[in-house]
Amino acid sequence: TQLLEQSPQFLSIQEGENLTVYCNSSSVFSSLQWYRQEPGEGPVLLVTVVTGGEVKKLKRLTFQFGDARKDSSLHITAAQPGDTGLYLCAGDDAGGSYIPTFGRGTSLIVHP
Amino acid sequence: NAGVTQTPKFQVLKTGQSMTLQCAQDMNHNSMYWYRQDPGMGLRLIYYSASEGTTDKGEVPNGYNVSRLNKREFSLRLESAAPSQTSVYFCASRPQGVNGELFFGEGSRLTVL
Chain A
1 TQLLEQSPQF LSIQEGENLT VYCNSSSVFS SLQWYRQEPG EGPVLLVTVV
51 TGGEVKKLKR LTFQFGDARK DSSLHITAAQ PGDTGLYLCA GDDAGGSYIP
101 TFGRGTSLIV HP
Chain B
1 NAGVTQTPKF QVLKTGQSMT LQCAQDMNHN SMYWYRQDPG MGLRLIYYSA
51 SEGTTDKGEV PNGYNVSRLN KREFSLRLES AAPSQTSVYF CASRPQGVNG
101 ELFFGEGSRL TVL
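Taken in order, these protein sequences are the chains called A and B.
Residue 87 in this note's numbering is what sits at position 87 of the first sequence, and the numbering runs on without skipping anything.
Residue 95 in this note's numbering is what sits at position 95 of the second sequence, and the numbering runs on without skipping anything.
Quick list of in silico lysine to any residue cross-link-like pairs, SDA-like style, CA-CA up to 20 Å:
1) A:K57 x A:G82
2) B:K9 x A:Q37
3) A:K56 x B:N99
4) B:K9 x A:E38
5) B:K57 x A:I99
6) A:K59 x A:Q37
7) A:K70 x A:V50
8) B:K9 x B:L113
Here chain B is said to cover these stretches of chain A; the calculated rule only asks that three of the stretch's residues, wherever they fall, bring their Cβ under 8 Å from a Cβ of chain B:
9) 21-34
10) 40-50
11) 84-92
12) 99-105
Simulated from the structure, these hints should not be mistaken for laboratory data.
Even for Gly, the Cβ is constructed at its ideal location relative to N, Cα and C.
So that you can see chain B by itself, here it is in the shape it has in the complex:
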């Protein structure tokens, strides 16, 4: 099983450019998440989708949008990238309900110049 797959793994953008990070999981999980990881800050939740058809803001949603395209796919879009969005982005999924294990992708390293 591939688990959680994120693309691209690396991306360099100029300020103001837009891009979409793609995430797909093949474990039939209901819940999916987008986190960003910055040095010394742990993982901060950007958006999440508790189930297909629903999305909600997390701790740091400003400057981002998401789409839960279907049960497998959850994309994160930066409409107008800013240097403050330079980070490593992780997509994760888990089965329905709380207490379940989070399965992470390998991360997408984004640099905004």
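Bound conformation, chain A alone:
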């Protein structure tokens, strides 16, 4: 099992602040995905990054895949209460298995 270390585990911030969540591994991934989960629901995909060094933007969210495809980050600019939720990173190993591995998640609370 390839480990994905996600940090921080918890974040409690005020509306308008910026934040970054990190996802790191010693293994190479063919792709890395970020999901968001709200209470009582299943995770929903935000983005998939595939190419080393790739940067994708989704409104106020910026996702980056490391050059070596071992790490990724999620940056949120000017967080809003609607961003509250559990953020999960997941990676597919470069060996081409069908086993997506998840990090432990970052629980984000944005206070009005």
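Please build the complex by placing chain B on the supplied structure of chain A, with the hints as guidance.
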């Protein structure tokens, strides 16, 4: 489209009882997965099925069995439930191959007393 449907949504069992969690997807996906989610532990893979007719163990398979009944359905069975199996269980599916989006059900909350 219904996507991924899991039943039941809630279940309370006594230690030693058995039960089956049902999962069905209507997106014609080849790969299906069962995860459990515990506080602070993220999603841990129990079993997966890369394609119809195949199943393989994931990270935490002990105490569970699965059946890929057909392309649509993938069930998870607890033969003799233990309190350590109290968790929220998620079924997911995705198209053939890696890098594809995982589509999740709404989860099944299981409590074992």
